[in-house]
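> Please construct the entire structure, taking both the sequences and the accompanying hints into account.
Residue numbers (the working numbering): 3 to 239.
If you're looking for bench data, these hints aren't it; they were derived computationally from the structure.
All C-beta atoms in this analysis are idealised placements derived from N, C-alpha and C, irrespective of residue type, glycine included.
Accuracy of the hints is not assured; some may be wrong.
[What the hints assert, rightly or not] What follows is a list of derived Cβ distance ranges for each label pair: (1) 214 <-> 32: 14 to 24 Å; (2) 214 <-> 34: 45 to 55 Å; (3) 144 <-> 213: 51 to 61 Å; (4) 130 <-> 34: 45 to 55 Å; (5) 84 <-> 27: 20 to 30 Å; (6) 214 <-> 23: 33 to 43 Å.
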Amino acid sequence: PVAYVLAHTSLQLPMMVFLAISAIGVPAYAIADFNASNFVQFTLVYALMLWAFECIAQLCSLLRNPLLGMLGFLNTWFASFLFCGIFLRKTDVIWPFRAFTYLLPLAWAFPSLNYFEFIDYESIGGAEACSNVTEAGCFDVLGAEGPPFRCPDLQPQQCLGLTGPQVLVSLGETYEMIDLDVNTAREALISLAIAVGWKLLYTAWLMRQCNETAVPSTRGKSAASPEPPARRDASAV
Numbered sequence: 003p004v005a006y007v008l009a010h011t012s013l014q015l016p017m018m019v020f021l022a023i024s025a026i027g028v029p030a031y032a033i034a035d036f037n038a039s040n041f042v043q044f045t046l047v048y049a050l051m052l053w054a055f056e057c058i059a060q061l062c063s064l065l066r067n068p069l070l071g072m073l074g075f076l077n078t079w080f081a082s083f084l085f086c087g088i089f090l091r092k093t094d095v096i097w098p099f100r101a102f103t104y105l106l107p108l109a110w111a112f113p114s115l116n117y118f119e120f121i122d123y124e125s126i127g128g129a130e131a132c133s134n135v136t137e138a139g140c141f142d143v144l145g146a147e148g149p150p151f152r153c154p155d156l157q158p159q160q161c162l163g164l165t166g167p168q169v170l171v172s173l174g175e176t177y178e179m180i181d182l183d184v185n186t187a188r189e190a191l192i193s194l195a196i197a198v199g200w201k202l203l204y205t206a207w208l209m210r211q212c213n214e215t216a217v218p219s220t221r222g223k224s225a226a227s228p229e230p231p232a233r234r235d236a237s238a239v
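Laid out in structure tokens, this is it:
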């Protein structure tokens, strides 16, 4: 089983990168016009997230009933989405459900994905700089680089910033998972550790199932196997 897992993983990792490029290359960058300056970093974080879910899916595939395995994976994905920090702050999730925020990959991938998308923007469409924050409709974001700004054609709640850092800080006021000071390397390593952890659980369960399976035996004849036809002696004719 270990040799199988190692061989499978060596094929799985490059496929996750290919799948990430296929999933976000055209939809996100060619159509939605995402920030292409951090395409490589964005893709690698996305691939790590996909690999973690792939390892979870492998673990669920070991259930004897494939329908239960499929439903278990879907429930795990929805739990990861529900407790990733978009809808609820981690501190608002009660135990033991708060464990999902630490053991599932979306909570660690989304902060980095948002950071790589917004951090390099120097001018956000719909916003313009203003000379003084005391002007009517002029805003400033504390803790983020960029001049005061305003959005003449937008509602105040839609005016998040002129630069990428300002947008990240403004969104972080509402969504705990979005942070200007996120340590992307640390988040990526945690995503990798989560994937490896699920992979080890899959390997251990697979080895247990293999050890519980009887080894095929070739000793003795099967009662149902037909006897070979007797050879006829030509001299008796």
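> If a hint holds in the structure, say so; if it does not, say that too.
Consistency of the hints with the structure:
1. 214 <-> 32: 14 to 24 Å: violated (49 Å)
2. 214 <-> 34: 45 to 55 Å: holds (49 Å)
3. 144 <-> 213: 51 to 61 Å: Roughly 60 Å apart at Cβ, these two residues keep to the hinted range, so it holds.
4. 130 <-> 34: 45 to 55 Å: violated (23 Å)
5. 84 <-> 27: 20 to 30 Å: holds (28 Å)
6. 214 <-> 23: 33 to 43 Å: holds (40 Å)
Of the numbered hints listed earlier, those contradicted by the structure are 1 and 4.
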